[in-house]
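Please build the complete structure, drawing on both the sequences and the hints.
Chains as they are written, first to last, in the working numbering: chain A, 1 to 381; chain B, 1 to 83.
Source of the hints: derived by calculation from the structure; they are not laboratory data. Where hints are given, some of them may not hold.
Residues from chain A that face chain B, not an exhaustive set, calculated with beta carbons under 8 Å [as the list claims (entries may be wrong)]:
id, residue
1, L112
2, A113
3, A139
4, N202
5, P207
6, D281
7, V283
Beta carbons are placed, not taken as given, at the ideal position from N, Cα and C, and that holds for glycine.
So you can see what is in the structure, the chains are spelled out below.
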Amino acid sequence: MPSLGADMAAGKLVEWLKKPGDAVRRGDIVAVVETQKGAIEVEIFETGVLSETLVPPGATVPVGTPLALIVGEGEPARARPTPPPERPIAPAPPTAPPPVAPPPAAAGARPLASPAARRLAAARGVDLAALTGSGPGGAVVSADVERAAERAPAAARGRIDLAAMRQAIAAAMARSKREIPHYYLSTSIDMTTALAWLEARNADRPPAERLLPAVLLVKAVALALRRFPELNGFHSADGFRPAEDVHVGVAIALRGGGLVAPAIRDTAARPLDDLMAAFRDLVARVRAGTLRSSELSDPTITVSSLGERGVEGMLAVIYPPQVAIVGFGSVTRRPWATDDRVEVRPAVTASLAGDHRVSDGHRAALFLREVDDLLQSPERL
Amino acid sequence: MTENEIRNVVIDEMRNLTPEIDPAEISGDADIREALDFDSMDILNLVTALHKRLGVDIPEADYPKITTVDGAVAYLRERSRAA
Numbered sequence: 001m002p003s004l005g006a007d008m009a010a011g012k013l014v015e016w017l018k019k020p021g022d023a024v025r026r027g028d029i030v031a032v033v034e035t036q037k038g039a040i041e042v043e044i045f046e047t048g049v050l051s052e053t054l055v056p057p058g059a060t061v062p063v064g065t066p067l068a069l070i071v072g073e074g075e076p077a078r079a080r081p082t083p084p085p086e087r088p089i090a091p092a093p094p095t096a097p098p099p100v101a102p103p104p105a106a107a108g109a110r111p112l113a114s115p116a117a118r119r120l121a122a123a124r125g126v127d128l129a130a131l132t133g134s135g136p137g138g139a140v141v142s143a144d145v146e147r148a149a150e151r152a153p154a155a156a157r158g159r160i161d162l163a164a165m166r167q168a169i170a171a172a173m174a175r176s177k178r179e180i181p182h183y184y185l186s187t188s189i190d191m192t193t194a195l196a197w198l199e200a201r202n203a204d205r206p207p208a209e210r211l212l213p214a215v216l217l218v219k220a221v222a223l224a225l226r227r228f229p230e231l232n233g234f235h236s237a238d239g240f241r242p243a244e245d246v247h248v249g250v251a252i253a254l255r256g257g258g259l260v261a262p263a264i265r266d267t268a269a270r271p272l273d274d275l276m277a278a279f280r281d282l283v284a285r286v287r288a289g290t291l292r293s294s295e296l297s298d299p300t301i302t303v304s305s306l307g308e309r310g311v312e313g314m315l316a317v318i319y320p321p322q323v324a325i326v327g328f329g330s331v332t333r334r335p336w337a338t339d340d341r342v343e344v345r346p347a348v349t350a351s352l353a354g355d356h357r358v359s360d361g362h363r364a365a366l367f368l369r370e371v372d373d374l375l376q377s378p379e380r381l
Numbered sequence: 001m002t003e004n005e006i007r008n009v010v011i012d013e014m015r016n017l018t019p020e021i022d023p024a025e026i027s028g029d030a031d032i033r034e035a036l037d038f039d040s041m042d043i044l045n046l047v048t049a050l051h052k053r054l055g056v057d058i059p060e061a062d063y064p065k066i067t068t069v070d071g072a073v074a075y076l077r078e079r080s081r082a083a
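Next comes the structure, spelled out in structure tokens:
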């Protein structure tokens, strides 16, 4: 059972996607587990034959419990490892914040519902799948959710326990605010050059090859982190451990509420086209509910943007055990003083929340300046 | 293509992006960023899908013209005629 967050103690095996005797290759998805972040696909890191599954569907087992036995090519069968404990496992303590999506039904499509109804259902802890919609085409609308909430506030919920998800957010964010001495910095970045460069680059490309501004922001953060390792890594009881590579977790909102922040691996090393393809793929899979376990456990820092929703800036809460989070607001046209004139320019507010146990405002300010510098020379991205 | 055929394609591609609610049921002049909760990635994916289906390239400057079903249909009809 993989760990998908610092606070995750256990997970429930929902289904096996491979059966004993199947050949498996490194990177294959072999099982689906349910956590408070939703249903997550479990990848395998060995190549061989799945000789035995050790945990049945429906069982909740602690993190670290062997789920299956894999025999390498030409390798004799191994002895069965210590079986999973038979005692009942307490529900996994809440993990993760930039978290929680109304996930991914391991089977079946999401119920038809309006975005407003989804938001309301998430807030009231109502399971959409259990409702009969009165909206167009049988879609669940807000009034249906209201009625259900009044009728049965504690009604049994489906696979997704919305209240537990809210608890997970509460616990992780409370832990973050309790344990991490946050400091916050922000700066305005002139986006004139970056947007002009992007517009020219996208102009003669088909839609499938166009980039979104968010990709430039993520790449600038990743490149800048190379010089600021104290912002990229994990803090634990043993202290700070800088990460060897930069895997930026990108916060992706889900229609109807909730968000997850899966990693784009090796963010700093990848060309923009590659990053855009990875970003596109992640958004599609977040919404389809097919995230992989490593994508949730890999991020070494998180980038969050609420720009799409029109806010000018944001001060985010660090997702432990990470030690920093970068936030971007909307790109808006603002008065901008340059030399002795004031011009109207597109600008974005970039913020950073840092862990004062690990870094200081002075270095973090230099980091934000480096992000700014990179965005003034987009050809370097 | 007729206006109806274009409308069917637009709604079909929007539906692929948001299975939660049927775009055919929203008002033709409703902003899809609100009514369907579309973000910039959804708009780009819609533009990509329409390009693939209809062969009409929608430049970035024209994205605001396709943020309603009616707007998208009118825009695509105009571009198809011009082509």
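Against the structure, the hints come out as follows:
no., hint, verdict
1, L112, "holds (6 Å)"
2, A113, "holds (5 Å)"
3, A139, "holds (5 Å)"
4, N202, "holds (6 Å)"
5, P207, "holds (4 Å)"
6, D281, "violated (11 Å)"
7, V283, "holds (5 Å)"
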